[in-house]
Structures are given as C-alpha cells and as structure tokens.
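With chain E fixed as given, assemble chains L and H onto it according to the hints.
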Amino acid sequence: MALLEVNGLKVHFHTRDGLVKAVDDVSFSVDCGETLAIVGESGSGKSVTCYSLLDLLPKPPAKIEGGTAVFDGIDLLTCDAAQMRRFRSNDIAMIFQDPMTSLNPFITVGEQLIEPLIYNPDKSRRQTRPDARMRAIELLDEVGIIDPEKRFDCYPHEFSGGMRQRVMIAMALINEPRLLICDEPTTALDVTIQAQILALIKTLQQKRNVAVIFISHDLGVVAGIADKVVVMCEGTVRETNDADGIFYRTQDDYTKKLLAAIPEGPKVMQSRAQADSTMIQVSNLKTYFRDHSKASIGAAKNYIKAVDGVSLQIQRGEILGLVGESGSGKSTLGRSILQLAPITEGSVSFDGTELNTLTPKQLVPWRRKMQMIFQDPYASLNPRMTVYETLAEPLLYHGLAHSKNIDQQVQLLMDDVGLARASLRKYPHEFSGGQRQRIAIGRAIATKPELIIADEPVSALDVTIQAQVLDLILNLVERHNLTMLFISHDLSVVRYISDRVVVMNKGVIIECGDTEALWANPQQQYTQQLLKAIPLADPKSERLRMADS
Amino acid sequence: MDSNSLDTMAEKGTSLWEDAWIKLRKNRLALMGLGLLIFLCLVSLLTPWIAPYGYEEQDLLMGATPPSAEHWLGTDVFGRDMLTRIMWGGRVSLMVGFIATAVALAIGVIYGAVAGYVGGRVDAVMMRLVDILYALPFMIFIILLMVVFGRNLLLLFFAIGAVEWLTMARIVRGQVMSLRKQEFVEAAHSLGLSQWIIIRRHIIPNTLGPVIVYTTLTIPSVMLLEAFLSFLGLGIQPPQSSWGLLINYGVETMEEYPWLLIFPGIALSLTLFALNFLGDGLRDALDPRTSKD
Amino acid sequence: MLRFALGRLLQAIPVLLVVITMTFLLVHSAPGGPFSADKAVPAEVLEALEAQYNLDQPLWQQYISYLGDVVRGDMGPSFKYPGRSVNELILSGLGTTAELGLYAMMVAVFIGVIAGVTASMRPNTMQDYVPMTAAMIGICMPSFLLGPLLVLVFGIHLEWLPVSGWNQIPGDKILPAITLGTGYAAYIARLSRGGMLEVLSQDYIRTARAKGLSEFLIIGKHALRGGLIPVVAFLGPAFAGLLGGSFVVETIYQIPGLGRFYVQAAFNRDYTMILGTTVFFATLIIVFNLLSDMLAVWLNPKLRQQVRGV
Numbered sequence: 001m002a003l004l005e006v007n008g009l010k011v012h013f014h015t016r017d018g019l020v021k022a023v024d025d026v027s028f029s030v031d032c033g034e035t036l037a038i039v040g041e042s043g044s045g046k047s048v049t050c051y052s053l054l055d056l057l058p059k060p061p062a063k064i065e066g067g068t069a070v071f072d073g074i075d076l077l078t079c080d081a082a083q084m085r086r087f088r089s090n091d092i093a094m095i096f097q098d099p100m101t102s103l104n105p106f107i108t109v110g111e112q113l114i115e116p117l118i119y120n121p122d123k124s125r126r127q128t129r130p131d132a133r134m135r136a137i138e139l140l141d142e143v144g145i146i147d148p149e150k151r152f153d154c155y156p157h158e159f160s161g162g163m164r165q166r167v168m169i170a171m172a173l174i175n176e177p178r179l180l181i182c183d184e185p186t187t188a189l190d191v192t193i194q195a196q197i198l199a200l201i202k203t204l205q206q207k208r209n210v211a212v213i214f215i216s217h218d219l220g221v222v223a224g225i226a227d228k229v230v231v232m233c234e235g236t237v238r239e240t241n242d243a244d245g246i247f248y249r250t251q252d253d254y255t256k257k258l259l260a261a262i263p264e265g266p267k268v269m270q271s272r273a274q275a276d277s278t279m280i281q282v283s284n285l286k287t288y289f290r291d292h293s294k295a296s297i298g299a300a301k302n303y304i305k306a307v308d309g310v311s312l313q314i315q316r317g318e319i320l321g322l323v324g325e326s327g328s329g330k331s332t333l334g335r336s337i338l339q340l341a342p343i344t345e346g347s348v349s350f351d352g353t354e355l356n357t358l359t360p361k362q363l364v365p366w367r368r369k370m371q372m373i374f375q376d377p378y379a380s381l382n383p384r385m386t387v388y389e390t391l392a393e394p395l396l397y398h399g400l401a402h403s404k405n406i407d408q409q410v411q412l413l414m415d416d417v418g419l420a421r422a423s424l425r426k427y428p429h430e431f432s433g434g435q436r437q438r439i440a441i442g443r444a445i446a447t448k449p450e451l452i453i454a455d456e457p458v459s460a461l462d463v464t465i466q467a468q469v470l471d472l473i474l475n476l477v478e479r480h481n482l483t484m485l486f487i488s489h490d491l492s493v494v495r496y497i498s499d500r501v502v503v504m505n506k507g508v509i510i511e512c513g514d515t516e517a518l519w520a521n522p523q524q525q526y527t528q529q530l531l532k533a534i535p536l537a538d539p540k541s542e543r544l545r546m547a548d549s
Numbered sequence: 001m002d003s004n005s006l007d008t009m010a011e012k013g014t015s016l017w018e019d020a021w022i023k024l025r026k027n028r029l030a031l032m033g034l035g036l037l038i039f040l041c042l043v044s045l046l047t048p049w050i051a052p053y054g055y056e057e058q059d060l061l062m063g064a065t066p067p068s069a070e071h072w073l074g075t076d077v078f079g080r081d082m083l084t085r086i087m088w089g090g091r092v093s094l095m096v097g098f099i100a101t102a103v104a105l106a107i108g109v110i111y112g113a114v115a116g117y118v119g120g121r122v123d124a125v126m127m128r129l130v131d132i133l134y135a136l137p138f139m140i141f142i143i144l145l146m147v148v149f150g151r152n153l154l155l156l157f158f159a160i161g162a163v164e165w166l167t168m169a170r171i172v173r174g175q176v177m178s179l180r181k182q183e184f185v186e187a188a189h190s191l192g193l194s195q196w197i198i199i200r201r202h203i204i205p206n207t208l209g210p211v212i213v214y215t216t217l218t219i220p221s222v223m224l225l226e227a228f229l230s231f232l233g234l235g236i237q238p239p240q241s242s243w244g245l246l247i248n249y250g251v252e253t254m255e256e257y258p259w260l261l262i263f264p265g266i267a268l269s270l271t272l273f274a275l276n277f278l279g280d281g282l283r284d285a286l287d288p289r290t291s292k293d
Numbered sequence: 001m002l003r004f005a006l007g008r009l010l011q012a013i014p015v016l017l018v019v020i021t022m023t024f025l026l027v028h029s030a031p032g033g034p035f036s037a038d039k040a041v042p043a044e045v046l047e048a049l050e051a052q053y054n055l056d057q058p059l060w061q062q063y064i065s066y067l068g069d070v071v072r073g074d075m076g077p078s079f080k081y082p083g084r085s086v087n088e089l090i091l092s093g094l095g096t097t098a099e100l101g102l103y104a105m106m107v108a109v110f111i112g113v114i115a116g117v118t119a120s121m122r123p124n125t126m127q128d129y130v131p132m133t134a135a136m137i138g139i140c141m142p143s144f145l146l147g148p149l150l151v152l153v154f155g156i157h158l159e160w161l162p163v164s165g166w167n168q169i170p171g172d173k174i175l176p177a178i179t180l181g182t183g184y185a186a187y188i189a190r191l192s193r194g195g196m197l198e199v200l201s202q203d204y205i206r207t208a209r210a211k212g213l214s215e216f217l218i219i220g221k222h223a224l225r226g227g228l229i230p231v232v233a234f235l236g237p238a239f240a241g242l243l244g245g246s247f248v249v250e251t252i253y254q255i256p257g258l259g260r261f262y263v264q265a266a267f268n269r270d271y272t273m274i275l276g277t278t279v280f281f282a283t284l285i286i287v288f289n290l291l292s293d294m295l296a297v298w299l300n301p302k303l304r305q306q307v308r309g310v
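Protein chains in written order, with this note's numbering: chain E, 1 to 549; chain L, 1 to 293; chain H, 1 to 310.
Same shape as in the complex, but just chain E (with noise of 0.2 Å):
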C-alpha cells in the first residue's frame, strides 16, 4: 500500500453562476521517497486536487463530492478537525506558489518557522521555544540561508523572493513530514532561482527519503525531479505514467499538445531583418525613479536606477528579444523608447528623429507608428469599453477609418486576430485570458505601426495558449512588415520568436547577438548561468543536470 492513495476524489464549487466540477473522478498514488508530478493548465484542477487533501479549500463554495485519500490508513476526506491538525503539523506539509505572499509579514520569520513545534497539536512532540529555535536555525542552514542566527529574528520583508521560498521549504520540513506538497513552488522565481529551489527540494527529498508531490503547470520544470507524472485537464486525469512515459512515449492527444506548446529550439522562420536599415536607435538612455520608500522619511534623495545607460539599435523588419530577470528595467527601456517613461539622460531616435526632443503634440504622429502589447490581458483592456469600442478608438482618432466604414475595418481587425466578429458587442471580462490578448494585439496593430514592443504579451498565459500567440504575433509580423520588440524573462520563447537578442541585468546590457550565436557560445559569465538555468521537457538531460548541481 502506497503511503497515500486517491481514489475517485470529486470536489465541486457552488458558485452564483452554476455548478463547476472543478475535480471530477481524480485518482493516484504516491510512495515514500518518490515525486509525483500533477501537470495541467489553469482551471485544471491540480491545486484544488491537493488543497483537498488537506482541507484547505474554502467552504462554501467548495464540497467534497466524494471519493477517498488514503493516508497511512486514515481517510483525510472524512477525518475530524483534530486529526486533520495532527497531519498538517506532522505529516503532510505544503509548499506555496507566491513566497512574497505566504508568510505573514507581521511575525518575524524564526516565530512562523518554529509554531509547528511549539504548538504541536501532540503534546508529546511539543518543544521547548530554545530547542525549536536550535532546531529551526539548524534547518535554515541546510536549506541554504546564510547567517540563520541572525536571519532567525527578521521579518519577511527583509527576505528576497528566493530567501522566501527557503524559508517556507525550511517550515514545511521543521516536523520532518512524510508527504511534502509543492504547490507551483517556482512559478513566481526567476529562471537561476528556479533552477536553486528545484535542486534543493530534489535534494532535501532524497535525504529524507520523504514522498513528494508537484503541482506545476510547466513540463520542462517537472522534467527533472519527477519519477510518475499525472496529466490534468479540466478536472480530469488525462494520462497518468512515468516521467520517460509521459515525456518521450505519450499516446494521450492532450499531452502530446501540451508537449508541442513548450517552445523549444531554435526559430524556424527566416529573419527578415534589413542590414542596412537602422529605424531605432537608442543612445546611452537613463531613466531613473525617485525612490519614494524610502525618501518619504527624510533620507537623502534615493533614485532606483531602472535604466542606466543602454545603448542599442532595432534593425527594420527583424524580432529583437529583450532578455532579462525580474528588476533588471527590460520593461523600462520598453517604455522609455515608447516615451511613456520620462527619460532621465540619453536619446531615442526613430528613423533618425529625436523623440525625447519633440512635444505631446509632435509625438502623436509618430504614436501612430509604434505600440505596445501589455503583459497582463486582465489590465490592457478597459473594462467599462466593448471589443468594438476598444479597436474603434484608435482607427477613429488617427482618421484611418471615416464613420462609413469603421465597422467593417473593425470587423477585419478581429479576423487579423483570429476572433468571432459575432462577440464584438462584448465586454473584455466576457473573453478569457487569451482571447484578451488577441484584442489587445488588435489594438496595438489597428494604426497600422511600424515597430510594436511587446512586453512579456504571453507570460500571463497557459503554455498551449501561449503557443498560439506567439504564432499569431508571428504571423503578423510576417503580413504586416512590422519590426518588433519582444520582451521577456523566458529565454525558450525569446528564442523561439526572435532574430537577434539582447541580455540585460540591472538596467545595463550584458550581451548582445544573433540568437542562435549567442544560445551556442555566450560570453558573458550571467548569460551562460541563465541559459544553464532553463528547464527543458527532458527527463534524461534534466536528471544529468540535477546530478551535477
């Protein structure tokens, strides 16, 4: 008998609109000493699978329709409140998505690390606040924090992002649980954090011969510290196989999609950059912030140097990717060659005009030829205005359309996009994440621009979703001559779209090439660790890798 076993595990959510079987018939096992991987895309339910287990889903609109998780011979569905508190502090333990969110920033951070100790539901494992301390210090050293003694009494806001997360992994092995749950653990880390984490709960596991479960909604994270995968899809268990299974023989349609989603290799298009043809050049451009944290007490001015002196061109027709990690001001010098970021030194110029020299009133000319795409679909659009409002705008107000045939200009943007004219009369909240997407590229194409900077347009969304974007920013590109500025902290996708890429780290450029010279021989120390850190849908070279670190 496995140490846990799922069996036909149902969850429905009641909700004002309807019934959602967000779980519906889910089973699987897993053994001590052994990683399950639940896979899926949002709305799957792969969280609420494990939120379940251990009665953390909210109740109302959650119900537990039926089905049994066997743990150690104790059904965690029907136990009481007072044995479900024993498993949590002692048993299963679980590892959340967001470390920024998941502690309380009001407790430092040694009191949260040792409340599964001193306040131990069995009296008989209950410590003492100096020997958890000891203990909780002991721990904060083996997964990596430097100085625990005095890290001991700091509060969470005093941590990065990484630091975080080893803090909760610290927290959740403090009681040496038998199951470990890892909800998204490195979704919200950057690609070399990401890499840390995984090799340090592959590591941790192995030493404590602990089961494991990873929810994750990427493949290529899971490739290398999972032993079975299950693949999920809209509440369902898809295909459930060894890591080799899923990856390299998978029969199941849906994997096989999801398999084909990960960009991976090199671009397949020609690039169609003209050599000749400078059309932005951006020369040693600065752009600072006042700090406003800390200059509100009286301290000296602070600036947060976003952007500190980068100089680069965007050749006429070519894809440049800009590379980079959370705070490195990739986004900034986005919207500084846009001028929708006060420029604090430095030139941008277009077709060799000065932008941060003209007026509001000279630059909107010039607007007309260069737009954006936002990262966030759920931020880009204005809720109050409909799809048709939205695309109207811009055609109306730079008279590339005339009352007569708006509508039928709007109506071929949609088809530019891909979506139904029917829902035009629509409202942004009544599209999903993607479709939004598709609308906010319809905007930024409606003015017929020259340059488009597109700002991490497909992070916010799921791998398949994502994959058709990038085809459809492809292919757009492609029919309109456009010349493009691709952003993004994924290094596959900025491979899979771009022609040439820049590397950028704390608002300077660390490197620069053609994509694929730089992806075969990086010169930059920083490049070749982030090009080491990127996980790929490999079990076998995923496992090398891991062995290695």
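Calculated from the structure, these hints are not laboratory results.
Just so you know, even glycine gets a beta-carbon here, dropped at the ideal spot from N, CA and C.
Treat the hints loosely; a few may be bogus.
Heads up, simulated DSBU-like pairs for lysine-lysine below, C-alpha to C-alpha not over 35 Å straight-line [what the hints assert, rightly or not]:
{"#": "1", "chain 1": "E", "residue 1": "59", "chain 2": "L", "residue 2": "26"}
{"#": "2", "chain 1": "E", "residue 1": "10", "chain 2": "L", "residue 2": "26"}
{"#": "3", "chain 1": "L", "residue 1": "12", "chain 2": "E", "residue 2": "404"}
{"#": "4", "chain 1": "E", "residue 1": "10", "chain 2": "L", "residue 2": "23"}
{"#": "5", "chain 1": "E", "residue 1": "448", "chain 2": "L", "residue 2": "181"}
{"#": "6", "chain 1": "H", "residue 1": "221", "chain 2": "E", "residue 2": "59"}
{"#": "7", "chain 1": "E", "residue 1": "506", "chain 2": "E", "residue 2": "286"}
{"#": "8", "chain 1": "E", "residue 1": "10", "chain 2": "H", "residue 2": "221"}
{"#": "9", "chain 1": "E", "residue 1": "305", "chain 2": "H", "residue 2": "302"}
{"#": "10", "chain 1": "L", "residue 1": "12", "chain 2": "E", "residue 2": "21"}
{"#": "11", "chain 1": "L", "residue 1": "26", "chain 2": "E", "residue 2": "63"}
{"#": "12", "chain 1": "L", "residue 1": "181", "chain 2": "E", "residue 2": "286"}
{"#": "13", "chain 1": "E", "residue 1": "207", "chain 2": "H", "residue 2": "221"}
{"#": "14", "chain 1": "E", "residue 1": "63", "chain 2": "H", "residue 2": "221"}
{"#": "15", "chain 1": "E", "residue 1": "257", "chain 2": "E", "residue 2": "448"}
{"#": "16", "chain 1": "H", "residue 1": "302", "chain 2": "E", "residue 2": "506"}
{"#": "17", "chain 1": "H", "residue 1": "80", "chain 2": "E", "residue 2": "123"}
{"#": "18", "chain 1": "H", "residue 1": "302", "chain 2": "E", "residue 2": "202"}
Not close to chain H: a few residues of chain L, all C-beta gaps over 12 Å, as computed [what the hints assert, rightly or not]:
{"#": "19", "residue": "19"}
{"#": "20", "residue": "42"}
{"#": "21", "residue": "44"}
{"#": "22", "residue": "91"}
{"#": "23", "residue": "243"}
Partial list, computed: chain L residues near chain E (C-beta under 7 Å) [what the hints assert, rightly or not]:
{"#": "24", "residue": "13"}
{"#": "25", "residue": "68"}
{"#": "26", "residue": "183"}
Frame of chain E, contents of chains L and H only:
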C-alpha cells in the same frame, strides 16, 4: 463578405454596469433600501399637496394626543399633526442630505481627480492640505459657524459639504492614481490619445463605481450631522423643521408623550437604514473582485 | 520612533496656528459682543468691561497678545464667569469628560472588535448576520436618539438605572458611556470585520492553517494584527467624534463636563472660553491622531523599521 450592420449579427455583451445591476437586484436589503428611498423622496416632493393637515395648523385645545384615526402619528403639545410635521421635516432633512452631499461631491471629485491625475509635486501639496484640514476639529468649527452667523440653512449646506469633501477627494485621488498606472491607460497614451479623451473615456467611467458608493454613504452621514446640530439647537431654526429638531422637541416631553420622540426617531433611523443598506449593496455589486468569480 | 513623533508634532504647529486664527477671526466677526445680552449694563460699565478684557484694542493687537498668552498656556479669563479663568473651567470639566470618553472608548473597542471578529469568522452565516445587523442598527441610531430612548426604557419605565448626573449615584455612568460608545462600537465592528475578512483571505493564513495551527492561534496570532490595522487607524478620528458626541451626551444626562461647557459658551458668546476650548480640543485631537498613527506604524514591522532606520 457581407457588410451588414453590426447590431444584427453581434451577440450582445453584458457591461459591468448591467452586471452590477443584476447583482444588486439579488440583494433584497439593498432593493428595499432603494424602494424606501424612492418612496421618501416622492413623499417629500409631494408633501405640500398630500400632507393631511396644514403645516401651521394647530389646535391648542386638543394638545398632545396619541396616535388615532384622525392623526395617525398623534399630535404635539400645540395640537399639530405629527405626520404632517414629520413629512415637512423630512423635506428639510433630505434636502440637506442631498445638497450638502452634492457640494462635497463636486469639490471632492474635481480636487481628487486633479491631484491624482497631475501627480508629483502638485499632488503632494494638494494632499498635504487635505491632511491638514483633516486634523482640524470640524465639528467644533461648524458649531462655531452656526453660533456666530446664526442658524442659516445655506451656511449649513456649505459647512457640512466642506467637511465631507475631504474623504471624497481622497477616494477619487486614490482611484485615479491607480488607474493612471493601469496598462489600458498606458495603452491609450501609446495610441497618442489626447489627455482629455483619456480622462473622459478611460479614467472617469472607471472611477464612477467608488464615487457612487461613497456618495450613497455620505448622504446618511450628512443627514446625521444636520440632525446632530439641530438637536443641539444649532442647526435648523423654527419655523422650519427637520427630524433632528423634532427629536429635540420630542426629548423634552418624552416622559409624557413618548410618540413625539419615537416617530421622528423612526423616520430618521429608517432613512439612514435605507441609505446604508443601499450603499453596502452598491459596494458589493460594483466591487470588481466579486464580479470575477 | 521618537523622531517620527517629534516630526509629526512639528507638523501640528501650523495646524494649531490655523485653528487659533480661524477661531479667533470667526468669534470676533460675530455680531453682538459677549455683554450685549445683559441689556441692563450702562455704557460706562460696558466700556470698562471691554477695556478690562482688551476688547477696545485693534483686532490684530488682540490677536497677537492672545497668541502670546496661548503659548504660555494661559487661555485668559472667562467673560461669562467673572473671576474664573478659562484654564480653571477647562480643568474642572476635563476630568469628567475624560472619564466618560474613556468608558465610551472601552465600550466601542471591546464590543466592536469582538463583534467584528466573531462575524468575520463565519461570513454569510447567522454568526455574521446577527452582529452586523446590530452594528447597522447602532450606526443608524445616533446618540441623540439612542440616549433618550435608553433613558425612557431603562430609566423611566424599568427604573433600573439613574438617568442624570455623574458620579452621584452608583450606576449613573452606565447609560452615558453606552450612549456615547454604541455608534463607534458599530463602526469598529464593521471596520474590524472588513479588515479581518481581508486578512483571512491572505495566503499567509492558508500557510498557518497548513502548518496545523489551531483556529484560535490562526485568528489570535496571525490574523488579528493585520486585521485590526483599520481599527487602529480609525481610533484617532473616533476620538474626535467622541468629543463631539460628548456635547450631546453631556446635555442629555446633565453631566458637568467640557462638552456641556462648550455648548453653553457658544450660546453665551463667551469669546475666551470658546477660543480656549477650541484650541484645547484641537490639540487633543492632534495628539490622539498622532498616537493612533504611531500605534499603526508600530504594528507594522516594515513601517516600524523604516521609521527606525532614519
């Protein structure tokens, strides 16, 4: 490709306003509040024609009588019909509520919108001023004003409006500030739209929700302030009357004639209930977070 | 923290100056002097009186000399009560009002927080509806209505509690404290419910639950601190409101406190008394706003460190 009119071929969407209305319709308390409020406004408007007795009509010989078939809510010590007095008092109370709120709304929205949209140093100075005004003991100032310049209805509107605009300004500013950073506003900028179009089409429609909610909740607090002042004898002046003043008179004789206190009290409390329930209902209905699930 | 407090106190000086100036100008632009009510006073006596109180000097001179007095902590003599200074009058009423305010604040905070937290633990159940309906009644039942009704029911009908006076019969403080505190209890109940619901939906509460902590610890240790920040921020304004409410409550229950003095002074056009009490109230309100701000900063470790880190 046929180019028939959009309306014949398009599915109709549901706007956030329609969404909110659907949600509000399911909230029974808020609907009751809305109904009661409409009823009260109608009664107040029509009072001169539908009041059972004349405003000045008294019957000193009869004096105070408990509720009866002729006088549903009884009469006061001068033999005046309480229902009539409460109806006339309601006119004043509601008027103060609506007009002073309108004053607060006008000042607060413009001030807050300018501070939030312009931002930077202008915003810092403008909000500093609001902070300073917040620290002033306004209740005391209003009392002082009423004492010094006499009990003047117009002055009361402005005094109360001048206090209540501060919170409105803060709410609108916060809203505008966060909207300004939203990507769809940035997108509008990158489309090259003019400032005015951005404000009119993208900012204002999205600030309306919180403004409506707060307005609904300001009216009862203004009415309360008026009643408070009238109760102290510093607000509305006879021969005009308001619910606060009626409560004041009712307290003097409550041992002998408790209905003179209870009925105006019920009128005031019910109105406050109606407005507060409606305000809470609107807040739930317009809250974007509840519209996502 | 000390520097933060000092900085905020410094900011309070211009506010106070504005208060003094506005009040001074308002009071002096009033039609009818303080002695105009007593018609029997002959002209020469009036002149002598005005000279005695410096009312014959130009306005700006009166203003300057008044400012000087205030800085020295002297609010001047009362117009209405000859021979008594405003300081004395304020002091004589202060103790009573402070005691009333303290009890009312206790009523407000204890009942409000308990009701709000209870309601937030099971939203949209009876455990939520009952206290929140009570809170709504509390908000829609202003003190000048609640007070008389309480007197009518508990004082006159049931004869359980005394209905006037202060510190004379045992139990005469109960009704005033409840009358003054109820509205704020209702407000605090709604604020703490909202704050708690916000916090209880945070990820870190889920973390605490996943660690196997008891509900008591989750609410008491993990949620309460963040959930009550809105309440703490409200304490300053609530204090200002309580002061205003004391005007009504002290009038209803005939309590010899500052509030009643103020209302009387306003009716009597007792210039120096109005000025003195206004300045005094403003100072109090500013101090309490400062305390409530400091408490809010202290409760939030991030803000606390920013303040300390200067």
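Violations among the numbered hints: 17, 23, 25
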